[in-house]
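K.L.:
Read off the chains here:
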Amino acid sequence: MGFELWLVVLVALQWLVVRVILVVPIFGIQNGRVLEAAEKTEKGRKLQIFVLLGSGGHTGEMLRLLENYQQTLFKPHQTKLTVGVSDEASLKRFKHAFQTQLDAQGIEVQICRFGKAREVGASKLQSVKSIVLTLARAVWTVSWLKWQFVGQPHLVLLNGPGTCCIIAGWLKLLEIVTMTRSKIIYVESLARTSSLSLSGKLLYPLVDEFVVQWSELCDRYDRARCFGILV
Amino acid sequence: MTRTMVVTCGATVPFPSLVQAVLDLDFLTTIRERWNFKKVVIQYGRGFGGEFEKRVKALGSASAHGKEAIGKASRDLGVELEVHGRVAAVEICGFAFTTDIEGLLRVHADLVISHAGTGSILDALRLHKRLVVVANTGLMDNHQLQITDRLRSRGHLVAAHDATSVAVLEAVVSAMEADSTTPLATGTSEAFTNLLLNVANS
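For the record, the sequence lines run as chains A and B.
Per the working numbering, the very first residue in the first sequence carries number 1; after that it's consecutive.
Per the working numbering, the very first residue in the second sequence carries number 1; after that it's consecutive.
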């Protein structure tokens, strides 16, 4: 009996290892994908987009990114946008910038809330406590989000606040276990001119595409792509 | 032609030394006499209004300006002013925060003096404004210095090496006397558009 149980565990572990290698981009299975002229979204299927508005500068950059690429990201009546927020100010800025336009275009918008993983300047102990609490809440929210993505074209856009790591980590874990895709693009902050942020370093091996805004970083990190300043 | 200067300190973290640098009699007199700046609009950030008003009054502001004057100035600028006064024949307009700093800059600013926040810098540069950036070295991280330095070396802006009147004025001189600054590209990239679509539809 004991032997059979071990066999099951071993097979499960082996499967997990194979899945991790297949899913986590740093292992290179997905490399070599060429950027061709983009395909169109299939008719009748809504593109699901998730963006996280962290706070302050992160929110500012994400809003600029959305503004610059709104024609690509917001297709009238064919997009469902989920906005993750960790503070009210960010939500206000988002609404001020996009609400009228998105309503007019018939784009469905849903808001979900995240705690802040780490206050700027918080002590280590405070950080640990807030990270645990944020984690529990975020895991639930992200699972709910993942459920909506299943079988749909979707895209997760992240740009650096600490909560990003929880979201990306959990989405990729669910991808490994459930064998359904979680597609994530990470855009490093413009403020990072010569080194990656902590979130950037953690997410570098994990996300589908890793984008930086200064060419110097592109030279240092193989997986990073650079298209100049995007925000 | 009279000119207007807009100073942005960031919305959340106060930047007292930049406020101090601009609210300086020599500084104000010089910018008025040399380039005819008759109005300085300052976004000092949340929670700094009382302190700001105190400093304006300490300069002997002719602040007999009642509600009418502040109301008119607010309407002119399209922002809700909290402090309004006149120092060294320069009109001082102060407010904590606006959701439309871009509109204010676009219409009114002939020169922008900004803290080194990415948002403020991009706002000014995308509107092709002359820009002086003053990094808030009191902050914990040095990203503000990094990005300022990078954009300065590419000729997009002038950086003040310190948040003092003398240093800021020096930077203003360079910014006003420069023939032109390198405009910043728009931020739209076809390759990135393709990346977005490819990942979404893969």
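No lab work stands behind these hints: they were computed from the structure.
Hints should not be assumed to be uniformly reliable.
Stated by the list, open to error - Heads up, simulated DSBU-like pairs for lysine-lysine below, C-alpha to C-alpha not over 35 Å straight-line:
{"no.": "1", "chain 1": "B", "residue 1": "Lys72", "chain 2": "A", "residue 2": "Lys92"}
{"no.": "2", "chain 1": "A", "residue 1": "Lys80", "chain 2": "A", "residue 2": "Lys95"}
{"no.": "3", "chain 1": "B", "residue 1": "Lys57", "chain 2": "A", "residue 2": "Lys124"}
{"no.": "4", "chain 1": "A", "residue 1": "Lys75", "chain 2": "A", "residue 2": "Lys124"}
{"no.": "5", "chain 1": "A", "residue 1": "Lys95", "chain 2": "B", "residue 2": "Lys67"}
{"no.": "6", "chain 1": "B", "residue 1": "Lys72", "chain 2": "A", "residue 2": "Lys95"}
{"no.": "7", "chain 1": "A", "residue 1": "Lys92", "chain 2": "B", "residue 2": "Lys54"}
{"no.": "8", "chain 1": "B", "residue 1": "Lys38", "chain 2": "A", "residue 2": "Lys201"}
{"no.": "9", "chain 1": "B", "residue 1": "Lys39", "chain 2": "A", "residue 2": "Lys201"}
{"no.": "10", "chain 1": "A", "residue 1": "Lys80", "chain 2": "B", "residue 2": "Lys38"}
{"no.": "11", "chain 1": "A", "residue 1": "Lys75", "chain 2": "A", "residue 2": "Lys129"}
{"no.": "12", "chain 1": "B", "residue 1": "Lys39", "chain 2": "A", "residue 2": "Lys95"}
{"no.": "13", "chain 1": "A", "residue 1": "Lys146", "chain 2": "B", "residue 2": "Lys57"}
{"no.": "14", "chain 1": "B", "residue 1": "Lys39", "chain 2": "A", "residue 2": "Lys75"}
{"no.": "15", "chain 1": "A", "residue 1": "Lys116", "chain 2": "B", "residue 2": "Lys57"}
Stated by the list, open to error - Here are the computed distance ranges between Cβ atoms for each label pair:
{"no.": "16", "chain 1": "B", "residue 1": "Arg150", "chain 2": "A", "residue 2": "Val8", "range": "32 to 38 Å"}
{"no.": "17", "chain 1": "B", "residue 1": "Ala178", "chain 2": "A", "residue 2": "Ser194", "range": "52 to 58 Å"}
{"no.": "18", "chain 1": "B", "residue 1": "Gly78", "chain 2": "A", "residue 2": "His77", "range": "32 to 38 Å"}
{"no.": "19", "chain 1": "A", "residue 1": "Ser194", "chain 2": "B", "residue 2": "Glu170", "range": "55 to 61 Å"}
{"no.": "20", "chain 1": "A", "residue 1": "Asp219", "chain 2": "B", "residue 2": "Lys54", "range": "48 to 54 Å"}
{"no.": "21", "chain 1": "B", "residue 1": "Lys72", "chain 2": "A", "residue 2": "Asp103", "range": "41 to 47 Å"}
{"no.": "22", "chain 1": "B", "residue 1": "Arg75", "chain 2": "A", "residue 2": "Val150", "range": "39 to 45 Å"}
{"no.": "23", "chain 1": "B", "residue 1": "Asp26", "chain 2": "A", "residue 2": "Gln70", "range": "42 to 48 Å"}
{"no.": "24", "chain 1": "A", "residue 1": "Arg113", "chain 2": "B", "residue 2": "Ala178", "range": "53 to 59 Å"}
{"no.": "25", "chain 1": "A", "residue 1": "Gln70", "chain 2": "B", "residue 2": "Gln20", "range": "55 to 61 Å"}
For every residue, glycine included, the Cβ atom is placed at its ideal position computed from N, Cα and C.
K.L.:
If a hint holds in the structure, say so; if it doesn't, say that too.
P.N.:
Results of checking the hints against the structure:
1. Lys72(B) - Lys92(A): holds (27 Å)
2. Lys80(A) - Lys95(A): holds (15 Å)
3. Lys57(B) - Lys124(A): violated (42 Å)
4. Lys75(A) - Lys124(A): violated (43 Å)
5. Lys95(A) - Lys67(B): Given pair Lys95(A), Lys67(B) holds - Cα atoms ~31 Å apart, limit 35 Å.
6. Lys72(B) - Lys95(A): Distance ~28 Å between Lys72(B) and Lys95(A) Cα, so the pair holds.
7. Lys92(A) - Lys54(B): holds (31 Å)
8. Lys38(B) - Lys201(A): Violated, because 48 Å separates the two Cα atoms, which is more than 35 Å.
9. Lys39(B) - Lys201(A): violated (46 Å)
10. Lys80(A) - Lys38(B): Violated, at roughly 49 Å.
11. Lys75(A) - Lys129(A): It is violated: about 40 Å lies between the C-alpha atoms, which goes past 35 Å.
12. Lys39(B) - Lys95(A): holds (32 Å)
13. Lys146(A) - Lys57(B): Not satisfied, since the Cα-Cα distance of roughly 57 Å exceeds 35 Å.
14. Lys39(B) - Lys75(A): Given pair Lys39(B), Lys75(A) is violated - Cα atoms ~44 Å apart, limit 35 Å.
15. Lys116(A) - Lys57(B): Between Lys116(A) and Lys57(B) the Cα gap is close to 39 Å, so the pair fails against 35 Å, i.e. violated.
16. Arg150(B) - Val8(A): 32 to 38 Å: At roughly 55 Å between Cβ atoms, Val8(A) and Arg150(B) fall outside 32 to 38 Å, so the hint is violated.
17. Ala178(B) - Ser194(A): 52 to 58 Å: At 26 Å between Cβs, range violated.
18. Gly78(B) - His77(A): 32 to 38 Å: Since Gly78(B) and His77(A) have Cβ atoms about 34 Å apart, the given range 32 to 38 Å holds.
19. Ser194(A) - Glu170(B): 55 to 61 Å: At 27 Å between Cβs, range violated.
20. Asp219(A) - Lys54(B): 48 to 54 Å: For Lys54(B) against Asp219(A), whose Cβ atoms are near 50 Å apart, the range 48 to 54 Å holds.
21. Lys72(B) - Asp103(A): 41 to 47 Å: violated (34 Å)
22. Arg75(B) - Val150(A): 39 to 45 Å: For Arg75(B) and Val150(A) the Cβ distance comes to about 53 Å; the hint is violated.
23. Asp26(B) - Gln70(A): 42 to 48 Å: Once the Cβ atoms are compared, 46 Å apart, the range 42 to 48 Å for Gln70(A) and Asp26(B) holds.
24. Arg113(A) - Ala178(B): 53 to 59 Å: violated (46 Å)
25. Gln70(A) - Gln20(B): 55 to 61 Å: violated (40 Å)
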